[in-house]
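Enquirer: Given next are the chains, with one letter for each unit.
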Amino acid sequence: MSLTSRGRRRAAPRLAPAQDETPAQDETPPPRDTSQAAPPGRRWARPGPLALAGRPAVVAVGIGLLLAGSGAVGLLITRHTGHVPPHVARVKPVLPPVGPQQQTPAPEVAERVPPPVSLTIPVIGVRTRLIRLRLTRSGVLQVPGSPAVAGWYTGSPPPGAVGSSVIAGHVDSYLGPGVFYRLRLLHRGERIYVREAGGRVALFLVSSVRLYKQTRFPRASVYGPTPTPTLRLITCGGTFDYQTRGYLSNVVVYATLAS
Amino acid sequence: MSHQAPVRRIVRLLAACALVAAWLGTAAPAAMASPATATRQTTGYLRLAHLSPNAPAVDVYLYSVGNSNAMIVVHHVTYGTVSAYQAVPVGDYTVAMRGAGKPSTSPPVLSTTVRIQAGHAYTVAGMGPAAGLRLQVLDDALTTPPGRALVRVIQASLKEHKVTVTAGGQTLTKNLAFGSATSYVSVPAGTWNVHVTGGTMSASKSVSLPANTTHTIVVLDDPGRLAIDPLTDAAGSNLMPAGAPGTGLGGMAPRPASSPLPWVAVMALGALVVAAGLLGLRRRGRAWPASGPHAR
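From first to last, the protein sequence lines stand for chains P and G.
Under this note's numbering, the letters of the first sequence match residues 1 to 259, in that order.
Under this note's numbering, the letters of the second sequence match residues 1 to 296, in that order.
Simulated from the structure, these hints should not be mistaken for lab results.
Please note that the accuracy of each hint is not assured.
[What the hints assert, rightly or not] Beta-carbon label-pair distances, calculated as ranges:
id, chain 1, residue 1, chain 2, residue 2, range
1, G, Gly243, P, Val117, 54 to 60 angstroms
2, P, Leu76, G, Ile72, 57 to 63 angstroms
3, G, Asn69, P, Val98, 16 to 22 angstroms
4, P, Gly176, G, Ala276, 55 to 61 angstroms
5, G, Arg134, P, Pro114, 28 to 34 angstroms
6, G, Ser204, P, Thr215, 35 to 41 angstroms
7, P, Arg200, G, Asn67, 35 to 41 angstroms
All C-beta atoms in this analysis are idealised placements derived from N, C-alpha and C, irrespective of residue type, glycine included.
Given the sequences, and given the hints that come with them, work out the whole structure.
Expert: Written out as structure tokens, the structure is:
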């Protein structure tokens, strides 16, 4: 360290005289002077492209363009809505789970269907464990603490049993996509797999995808009874209200057990 | 080449910038497309049951009226069997029963018609003694009064011609005759001991009847005793959540449309400075030809 720094110190004085000698060898004045008020008739006074950079007017034009440009860029960034980062736009393929497939259950209550443990939706790359959701004190459905997992509402029938089973998950976190970010992209007939605690896998087929205003959420058709084993996947959608920090709509995917 | 050419180019560039800014200010907030697929409910539900104790096994056929090809065939349905519900398109149907293994072209032993309405559920059951076997269409309940369960009883026991059924302390039906069904009775949600008593025999079973569920309790003959078959007709969330769940924190939400004014101001300031600079250049430019080497 000390050697190199000493070396540098020694090199500096050697370079300095070399620069000083240049004007002495060449009688032409330094080109810097051309930018200043040039005496008429002198050859080197002609305004070349480099010389222009020294003129205050040109500097002003440059700064002005820079300002206008940054204004345009700022406007572009703030006006650009619905931006999806490229890594989010890509769907990572997920394989369907392996396991004995659940048959359409006999309607006996005696045939108890175990609670679900995981959910897989290959076409939108969802693979998550399922936590248990209850109701909050105000009677609203709990939502998972982590935006990366979905949860089964324990007040609804387990997936695969007769009735409408409810699974909810986040569409996004504060920073990025949640487990159900692509839920609204599902189509009729696409496959949803739910693994039970016993290891069996229930296959559901999407029957419809709906977007509801939260003020007009159809609780009866989402939470109400059905005579066949059905599934309702719920997440948020529509406009995000920055005042209340919440979405104004819900996406509900309706699915029925494949028979 | 005159020095004015780059000036014009700059002016043109500025004009383009202003145009782009105007477009961004007005046209950028594009509306988000709604993913909702609006499909109206066009199906109902149907299940088939064999509840005649001394009738042999049957094959059950479901025909859409006007179509001789069966839509659904259930083979070898024996006494006590109740199928799961099948979703079927709304319309009129014929349910026909033939002896198990009989050709589908043979005349049916029994047949009846059923009209399936959207969102409704039906049980078509072979009821009564073998000699007087008939197909009965039962309208099934799907919804309940809030916080309660609905239960009905089908009496399909020949051993006891009349039965009385209770759930907990509540009497569901008294002296219900063989081959008949009650309408639904509202009961408080809970797990109840369902008790069936006939003339000499009785049976009981613990049955879970959660809120927001509907059930059919079938009284059956078992060898030497009565049996209780509790069916779940429909089930929903037993505690209906209030409102709608808040399942998003906004990280992927479109940003709010902030005011474009500060940026427009910056752009305007830039344009002003450019204009001032250009003015300065122009003044100087008039002086150049006189002072430049070409003037000589």
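Enquirer: It remains to establish, for every hint, whether it holds in the given structure.
Expert: Okay, the hints, checked on the actual structure:
no. : hint                                    : verdict
1   : Gly243/G x Val117/P: 54 to 60 angstroms : 28 angstroms, violated
2   : Leu76/P x Ile72/G: 57 to 63 angstroms   : 60 angstroms, holds
3   : Asn69/G x Val98/P: 16 to 22 angstroms   : 37 angstroms, violated
4   : Gly176/P x Ala276/G: 55 to 61 angstroms : 45 angstroms, violated
5   : Arg134/G x Pro114/P: 28 to 34 angstroms : 40 angstroms, violated
6   : Ser204/G x Thr215/P: 35 to 41 angstroms : 48 angstroms, violated
7   : Arg200/P x Asn67/G: 35 to 41 angstroms  : 36 angstroms, holds
Hint compliance for this structure: hints 1, 3, 4, 5 and 6 are broken, all remaining hints hold.
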